[in-house]
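With the hints as a guide, dock the two chains, each given alone in a separate frame, to form the complex.
From first to last, the protein sequence lines stand for chains A and B.
Under the working numbering, the first sequence has 86 at position 86, and the numbering climbs by one with no breaks.
Under the working numbering, the second sequence has 89 at position 89, and the numbering climbs by one with no breaks.
If you are wondering where the hints come from, they were derived from the structure by calculation, not from laboratory data.
Glycine included, C-beta positions come from ideal geometry on N, C-alpha and C.
Please note that a few of the clues may not be correct.
Computed footprint of chain B on chain A, listed as stretches where at least three residues anywhere in the stretch have a Cβ under 8 angstroms from a Cβ of chain B [claimed, not checked]:
#: 1; segment: 3-10
#: 2; segment: 18-30
Straight-line C-alpha distance at most 16 angstroms; calculated EDC-like pairs for lysine to aspartate or glutamate [stated by the list, open to error]:
#: 3; chain 1: A; residue 1: K65; chain 2: B; residue 2: E78
#: 4; chain 1: A; residue 1: K83; chain 2: B; residue 2: D70
#: 5; chain 1: B; residue 1: K151; chain 2: A; residue 2: E13
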Amino acid sequence: MFLINCPFCGEREQSEFKAGGEAHIVRPKQPTELSDDQWAEYLFMRKNIKGIQFERWNHIHGCRKWFNMVRDTSNDEIKAVYKMGEKPPVK
Amino acid sequence: MLNYSNVIENDKSYPGLQMREIKPVMKLIIRGKKRQFLSAVGKSLNLLLPNEANTSSRSDQLTALWLSPDEWMIFSNEILKSDDNNYNVEKLLNKNICKTNLGAVTDVTDQFVLINLKGDKIFDLFETGSPFNFNDFKSKKGLVTQTILTKIDIIVHNQDINDVNLFVRRSFSDHLFSWMNDSASRL
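Next comes chain B alone, as it looks inside the complex (with noise of 0.2 angstroms):
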């Protein structure tokens, strides 16, 4: 991860609702169509692309994000170090896929920030600004759905129960955290 200045700088805390910035956090995109591009990666990464829409999968140490039919967001478990920004499973990746031509990786580490949230309240919280139906989604473990907060483009994994792992862009996260604590504030 790059050395760039937080945007979010401390961890908040309301009844029933924590949220906190995860970083460093490796996360890379890779679209990729065909069925050799699949294994390629299955076997790369020792993880299977969830092929089923708005699923994930998860290894010891990476989880699959499904984002569209040929995308996917891949991120590291654990927290890496900080003054570094190579990593091998993107060396990896850009050996079995990019240079044979199966599909393409993109680093999006800096580009993303991954706020956690844990509670019973972070769908009240939801609600309050996102168009999309959580009845269903909150009670299923490892689905993933983009969608918009407040106008924002999001993207929710439904990591556990009560802990989700919500991706924005960066530029965009400072405005969606100071709304989300005002937002939770009046929950």
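This is chain A alone, in the form it adopts within the complex (with noise of 0.2 angstroms):
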């Protein structure tokens, strides 16, 4: 468990947020002209590694906003929080 600094409302724990997977993928601007496994590489596949990593997450059980997320998933240390739209503070 730790504590996540909600940008709009504060610091707030863990449990009232929910994960909403890999942040910054960009949806390709012609899906028709991709092939197969292009596509399927847009929508099923994700890093999962261990280190810094680039998340969404939702305020489900508070403001119900999303936001991004820098976190290191070997220690669960969080980096930065930044609004949807943001450039991401940290490389």
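This is the structure in structure tokens:
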């Protein structure tokens, strides 16, 4: 269990949030021109790394807003939290 | 308010804690992002919507709770007639907000149950089933938070010191009130 700093509500406990998977996945502009493998890559294939990961989270039991988070998956340390549409503050 | 059967029938009292349902109270959820939306609501209701997170504002007749950056709950301070679910405030907002495409108004009077808690053991009760840190919250009048209590979504409004309003969805209210009674009896 860890605390997450919601960019709208402030610091809350993890159980108020829901993880929404990898962030910054861009939908292909012309899906019809993709092969099945490329489409499957976009739809299903996600990074599952040990280390710094960019994720989407939803404050589902609070303000119900989506936001992005940079989290070290090896120790759950949260490096940064930022709103949708903003650029990641760390690389 | 429509004529639903009561889910919470009796007021309950424990040492340092009293709990009762307050009804009928008008409750509206309003949503909007534009600056014109905020000024139109302010002019319509003579009430400034709180901009700051986790706060509320109050006029003689209404209270507005901040729920998210573009969502507020408005409820009446006074108890209304039980045989009517037409509200002038809702009509006014529909005219000035919905019809001008500035935002949305939803009547949630019957969706949410308002439980009022009084006493110095309120937050001792919450702390038995909520992950929220109430340490700063309990000493500041007017603060609002949405959190979970025994895994049920709730809205908590710190109306006054030792006087808290709790909003819960009607379908969960029976179970929540039963759990609160059980927990309060063990404080």
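Hints and how they fare:
Counting residues of the segment 3-10 of chain A whose beta carbon lies closer than 8 angstroms to any beta carbon of chain B gives 3, which reaches the threshold of three, so the coverage claim holds. Counting residues of the segment 18-30 of chain A whose CB lies closer than 8 angstroms to any CB of chain B gives 0, which falls below the minimum of 3, so the coverage claim is violated. With a C-alpha separation of about 31 angstroms, the suggested pair K65 of chain A and E78 of chain B falls outside the 16 angstroms cut-off, and the hint is violated. For the given pair, K83 of chain A sits about 14 angstroms from D70 of chain B by alpha-carbon distance, which is consistent with the 16 angstroms threshold.
For the hint pairing K151 of chain B with E13 of chain A, the CA-to-CA distance comes to about 13 angstroms; that is within 16 angstroms, so the pair holds.
Hints 2 and 3 from the earlier list are contradicted by this structure; the remaining hints agree with it.
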